[in-house]
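Visitor: Keeping their order, the protein sequence lines are chains A and B. Numbered per my numbering, the first sequence finishes at 57, counting up by one with no gaps. Numbered per my numbering, the second sequence finishes at 1676, counting up by one with no gaps.
If you're looking for bench data, these hints aren't it; they were derived computationally from the structure. A couple of the hints might just be wrong.
Okay, derived cross-link-like pairs now, SDA-like style, lysine to any residue, Cα gap no bigger than 20 Å in a straight line [to be verified]: (1) B:Lys1213 with A:Arg48; (2) B:Lys1213 with A:Ala27; (3) B:Lys1213 with A:Arg11.
Distance ranges between label pairs, derived from CB positions [stated by the list, open to error]: (4) A:Arg38 with B:Lys1302: 53 to 63 Å; (5) A:Asp23 with B:Glu1216: 40 to 50 Å; (6) A:Met1 with B:Leu1642: 17 to 27 Å; (7) A:Ala33 with B:Leu1654: 45 to 55 Å; (8) A:Arg32 with B:Ser1029: 56 to 66 Å; (9) A:Asp23 with B:Leu1241: 29 to 39 Å; (10) B:Glu1216 with A:His24: 19 to 29 Å; (11) B:Val1208 with A:Ala7: 23 to 33 Å; (12) B:Asn1619 with A:Gln43: 26 to 36 Å; (13) B:Glu1674 with A:Gln43: 20 to 30 Å; (14) B:Val1208 with A:Gly50: 43 to 53 Å; (15) A:Ala33 with B:Val1662: 25 to 35 Å; (16) B:Leu1649 with A:Gln43: 15 to 25 Å.
Remember, predicted model here, so these are calculated numbers, not experimental data. Ideal Cβ positions, reconstructed from N, Cα and C, are used throughout, including at glycine.
Chain residues, written in single-letter form:
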Amino acid sequence: MFQNVVATIRRLVGMPDYQGYVDHVRACHPERAVPSEREYYEQYLERRYGAGTSRCC
Amino acid sequence: MRRILWLLIALAGAAGWGMLALHRGETVSAAWLVIAAMGTYLVAYRFYSRFLAQRVFGLDDRRATPAERHNNGCDFVPTTRWVLFGHHFAAIAGAGPLVGPVLAAQFGYLPGTIWLVLGVVLGGAVQDFVILFGSLRRDGKSLGQMAKEEIGPVTGLLAMGAVLAIMIILLAVLALVVVNALKGSPWGVFTIACTIPIAVLMGYWMKVWRPGKTLEASVFGVTMLLLALVAGRYVAESATLAPIFTLTSIQIAGWMIAYGFLASVLPVWMLLCPRDYLSTFMKIGTILLLAIGILVVLPPLKLPALTRFIDGTGPVFAGKLFPFCFITIACGAISGFHALVASGTTPKMLRRESDARMIGYGGMLTESFVAVMALCAAAVLDPGVYFAINAPASVLGGNLQAAAETIRQWGFVVTPEQMNALAGSVGEASLLARTGGAPSLAVGMAQIFSGAFGQGLTALWYHFAIMFEALFILTTVDTGTRVGRFMLQELGSHVWKPLGRTSWYPSIIITSAVVVAGWGYFLVQGVMDPLGGINSLWPLFGISNQLLAAIALCVGTTILIKSGKARYSWVTLVPLAWLLLVTLTAGYQKVFSPLPKLGFLAHAALVEAQVAAGTAVPNAARLIFNDRLDAVVAGGFMLVVLLVVIMSLREWLLVLAGRKPVRMSETPFVQTAETA
């Protein structure tokens, strides 16, 4: 229950969902290495604020 | 049973409109405005958006979405529609829908309400929906890519250049709103200044101390922010601290320009990302609070339905009801910027095609409702107070007595004592001529909040509202500068390759400086403008935003025609035609109107004549140059929109006449694996 609320808030604000990603990789790509939370956060920053994103007034 | 329910909703909406239309000369409860808007939204959502989803777009739940086909656990993630709705709404809601309706309240509450509600139902929500649909069927491609692939490479390039130019004007005008909200306000400046160290602390927390723990850092950040808000009162009352945080317009503008540059150059984890979280939390929280406040208090609307300023003589901005009401309220009714969000992250997260209806169409209806609430917050003010806050000082006269007399001549009543008492109650030295919309919105919100959640805290609520507006405008300024920098780097790489390397410091510094100089120039122009700047810059922003919407609707129409739905293309052609009429008329008037108050060129000529006649006009050469620059910018926007429309029209005719093979870039059908 608490985990769901936290995941929902993360999605709403557009925060990284590390646990969700880990679950996804374990379920769908078991051959891949799972990044650490720090690595995942750094990749997330690049995706969210890197070139090719846009914002609204 | 269902039918009876919808009949009742439709009747309630109609009753709301009836009450608004018939109650002239006496105050109407905001309840009627809310009922009219909600009734119309619900009926439009139930019937029109279903028609769009099923007949026009043919949304198909058997078709796998990009989120399902490319699911990578990061950006392509199938997301529950309610969560995605919130995410999409938080991305499209900005300062635009809050400021525009407050400014347009100079015509009275009725024109703004009608345009907000009808505009969104037939225009804005359709635009967001059609672009979301187009991008959904193209693996989440952006608006620029779709323009390039569906209409032509020149259109794609024009769209990209237009986005950059619009961004510059948008950042300047929003920054000006913040300058006007914070000038001479130590409380406001202190609170906003505190957001920077708070954000840096949060940044270190999330990156260094406890990597990735964004939520706990945000809880800390929001708590600190609220403490800073409360502490602001003691700063404002302290004889030693207050002067340090009391800044003039030009000082605030300078700090903002420096901040925008730093935010674009520094790594994102340090400033940008934590501020982004803070402002999203504040935005969602405050909008919910405002909705609850309005529904609990249901305040009477003191502003008349229509004011005499529909004739174009208004002090807040120049120009008649048509076309300027439809330019001033851009976001909230129809906003081209949403096309960028609807073709950004959202299409990559849809779980089912049919969810696009609630998120694309429904999300925009919600934004329109936020704009209606902002209009309510402005309309709960006494009209005299509204004009005392929103008219520029040069029109009102230098002091409270002169201002009260000017406003009396307009037919409204406000006394100097009333203004002093109001300023005192919100903890400000003066509320006279605080143009830009933010202060009057904050006064209105403070009245509503203290009505709903307890009296006696008016000053705190006022500064809460100012902090909330300034916080997320500054977030637009910093992310916008960065986005502008990336665009410039991409465009610049065509000229000199190394410029395109997005993490090469010399390129970062050069392009950031160019973008900041661009909006900074217009910001300083606005600050020094004797009419307050909002007067000239806000219409320019409105025109540019509607221009982007016109480009988006051209792309949408092309998609419909190419997919063999030409008989339904009126759904995008009707709002497109209206936008063209409004944008081109307004643009033409801003450039060529013979009235110096309205036309840029006429104003330049007036200043020139004054100088020739020997009148001392401060900064005359600068004023004349700025007028001409604004005229060129407005003319350029009009030229771009005409070019895009002509090229789209050519494409449509060629396709319809069968003289050009239909080449769509829609991805082929893949059956979904999900069991519905």
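Visitor: Against which earlier hints does the structure fall short, listed by number upward?
Guide: Numbers 2, 5, 6, 9, 12, 14, 15, 16 - these are the hints that the structure violates, sorted from lowest upward.
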